[in-house]
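Enquirer: Chains as they are written, first to last, in the working numbering: chain D, 1 to 403; chain F, 1001 to 1392.
Derived by calculation from the structure, the hints in this document are not laboratory data. Check the hints yourself; a few may be wrong.
[Unchecked claim] Here are the simulated lysine-lysine pairs, BS3-like style, with alpha carbons at most 30 angstroms apart: (1) Lys184/D <-> Lys76/D; (2) Lys1010/F <-> Lys8/D; (3) Lys1354/F <-> Lys8/D; (4) Lys184/D <-> Lys1136/F; (5) Lys72/D <-> Lys184/D; (6) Lys76/D <-> Lys280/D; (7) Lys81/D <-> Lys1010/F; (8) Lys81/D <-> Lys1190/F.
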Amino acid sequence: MRPLEGIKVLDFTHVLAGPFATRLLGDMGADVVKINSVARATAINATNNPYYTMWNRNKRALALDMSRDEAKRIGKDLCAKADVVIDNFSVGVLDRWGIGYDLVSPLNPSVIYVQMSGMGQGGPWSDFVTYAPTIHALSGLTHLTGVEGREDIGIGFSYNDHAAGLHGAVAILAAIQARRSTGKGQRVDLSQFEVGVNLLGPALLDLFGNGRAARPAGNRLPYDEVAPHNCYPCAGAVSDDIADERWVAIACMSDVQWHEFRRVMGEPEWSSAPAYATAKGRVAAIEELDRQIGLWTGQLDAAEVMARCQAAGVPAGVVQNSIDLAENDPQIVASNFLMTFDEPNPVLGTTYGDRLPLTFGVTPCDTYTRVRDVGEDNASVLSDWLGMDSEDVVKGENAGYFA
Amino acid sequence: MTQEVGALSKVRIVDLTDERAIYGAKLLADLGADVVRPEPPEGDPLRQRGPFCEDDPDEPSLWHAFFASNRRFVSLDLETQMGLDQLTGLVRNADVVLVSEGAFGVTEANLDATLQTNPALVWVECSSFGREGPWKDYLAPDLVAGALGGAVSTTGDADTPPLKAFGDLNFVVSGCYVAIAALSALYHAKETGQGQRVHVPVHQCIASCLEHVFMWYWYSNLLGPARGRALERRGSLHWSNMYVVMQAVGGTIMVTPTPDIDAQLAWLIEADEFEDLFEPQFQDPANQSQFMARLMEVLRSFVGSKDVKELFLEAQSRHAPYGWVLPIEKVGENPQLEARDWWHPYSIGEHVVKGPGMPYRFSQTPWQMKPYVETDVDAERVLQDLGWDNDR
C-alpha cells in the first residue's frame, strides 16, 4: 500500500509544472487521471514525446475533447467525484468549460481545486503567458544567477517548473489535511510567479529592510563570509567541448575546514599568507585565492580532489553532468534511483525514469507504470469513477468526445 | 463560510532541521502547523546566516527570520536530564518530527523508541546522500550538493565556471520534498493510525528536478542533431534552443517564439522585420532546425531595436511568453504583486520589514504570519502554553 491510495485526482495540467505535481501524487499511490485529447496531444504534449514521458508516469489516461458538450458533461461528472481537480491553464479555462470551482463545489463540497496559473487570479498581469524561463526573468532569478556584469545567464533549466510542481503538491496535501478538520474542500490559487519571487526571500528582506539590492554573486555566498566557495577546473577533459570539461566544487564553510583544505593541498606557501587566516581575509582576497586553488585542482582529477577533500572533512564534489549521474554516481547506483519501465512504450520502445526520491518505511512507493497513450484508460477510468459500461465508452469514443 | 486559520492548524510538529530541510518545516509552519524548533543554549547556528537587520550581525538574521518563520523557539540544554526530558516530551506529543541527519537534538530525540510508543508518529529524516553508499558521510552544503546533484553543470556560460543558482535553491528542493513526505505520511497515519519513518536524500531530490538532464541522456538521439548525452552550460539558451535572453533597448528580455510560432511570424510580418525567413530554403520541413536557428537570429535583431518594457508588454498582449529580465529592486515594485497584495510585513524583534507572501492562497484557510521572536529559554512554559505537556 502506498501512502496516498484512495485519493482521486483529475489532472488537466500540461507541460511540466502541473504534471510534475501530479506525478508526485501518482508515485505515492493517488489515482491520477490525466486528461488529454487527440487534438491537444501535439509537440511536448504528445504521449510519445520524451518530454511528456518524463512527467506523466503513474497516471491513467482519459481522452476528453473539451470542445464537445458531451465531454464537458462527463468532465463535470468526474469533477463531482474527485478529491482534487488541478490545472495550469491561464485563469478561467475551467470556468469556460463549465467545470470551475463555483459550479462544481455545490455538487462536491469536499473537492479541492488547485489552479497553478502563471500569475495567479486577479491583477494586471493575470492573463500573461509564462513558461519557466519567463518566470525566472520576471522574478529576479535570471538577473541574480550569474556573475558580475552578466544579467543574461540565469538558471540553465526550468527550475521554477519543478519548484511550482513541488509547491503544488504541498498545497494539495495541505488542503487534504485541512479537509479532515473542516470537512470542506477549497480553492487554492498558486501563482508560479509568486513561487519564484518567494525563493528570493532573504534577499527581498534585505532589499526592503536594508535598502540593498542583491547582485549576481557567481558561486559565492552573497551575505556570508565563506571562502573558498567556488567551482574549480580539473584535469581529465576528454575533448575541448565545454560539455567534457571537468570541474570540482569546494566549499570551506569554516576556518577549520580551510585549515584542513590547506593540508589536503600540501600546505603550499601561498596559503600561509596571514590574509588567508580568516574568512574575512580570504573573502577580501578571493580572486587570488580562487586562482591559486584553480592551479592546484587543474593538475588533478575531479573525483580525486573530491575524495581527498571529503576524507579530510572538507566539503567538495565533482560537478556532475548527465553522464556522471547516470553512469558513474555510486549513490545513484546504490539507491537504484534510475530505472527502466517494465512495459515498453508502444512508440518509443524502452523508456526510462528517475524514482521518487522518498523512502517510506511502511508504505514503499515502488510501483512505476509507463506513460499511457491518449485515452488508453478510458474504459477503466469511466467505469471506476462513474460506473459507465463499456458500450457507452465505445459510443463516446466513436462519436469523438472520448478522443 | 467560516474561515479556518491555516490549513494545518491542528498539526503538531517538532523541527530538528538544518539548511537541508528547514524550508520544508517553514512550508508546514506557514500553512498553520504548530511547529516548535528546539535549539541549543548557545543558539541556533542558522541565526548566524546573513543578511541581518540593520546590516548588523548583532541584530536578528533576516535569513533565519525567513526560513524559521512561524515557529516557536525553545532552548534546550541536552546536557541535562531536564533538557532531555523536555525534548522527549516534545517528540512524544508530536504528529510529525522533521530532522536533518546530525542536526541539534536528533540523536537525543531517540526517535526509534518514540515510534514504538507513539506508533502514529511521522518521522521525516533528511540526509545529504542517504543512509548507505560510499558518499553517505560526505559533507554537502548547497553548492556541493548542487554540483553532485547535477544542477550546477547546467548553469553558467562558456566564459564562466559552472554556477549555482542564487540563494539556497538546492535545499529548497529537498525542503519541499520533506514537506511532501511529511504530509503524505501524515495522511496515511490519519487514515490508518500507522506512522512511519520516511527518508529524504538531498542528492536524489536535486537529481529529480533537472528538467532535461536525464531526458537528454536517455533520448538525445530523438531530440535533434546529435550533441552527445551531456549538454554543455550555455548561458540562458534553453536545451530546446527556443528560449534565450536577448538585449533590447534599456534592458534584457527572455525571448521565445513558442508556443505559437505562426503568431510570432505574423508579428514579424506586421513589423516588416521578417528578413529572409520565407525564402525557399526555410520552407522545406527537412530544414526545420535551420529555420528555427534563423528565426532566433531574426528575433535578436528585431528585439535589439525595441524598448524593453514596451516590447515585453506588447509580447504579452499577443500571448507571447516573453519575460523582462528584472533586477530585484524592480521585482520589489512589481504591479502584479502589488495588485494581489502579496507582500507581507515581517515582525522581527523590534523591526518590521516588508517581505514575501505565500506561494499559494487557500480560499478557506488563509495563512497568518506570526511575529518572529528570539529564543524562549523557558522550555517548560512553552510546553505548557502549547498544551504539549499533556498526554493526548
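Enquirer: Which of the listed hints are broken here?
Expert: 3, 4, 6
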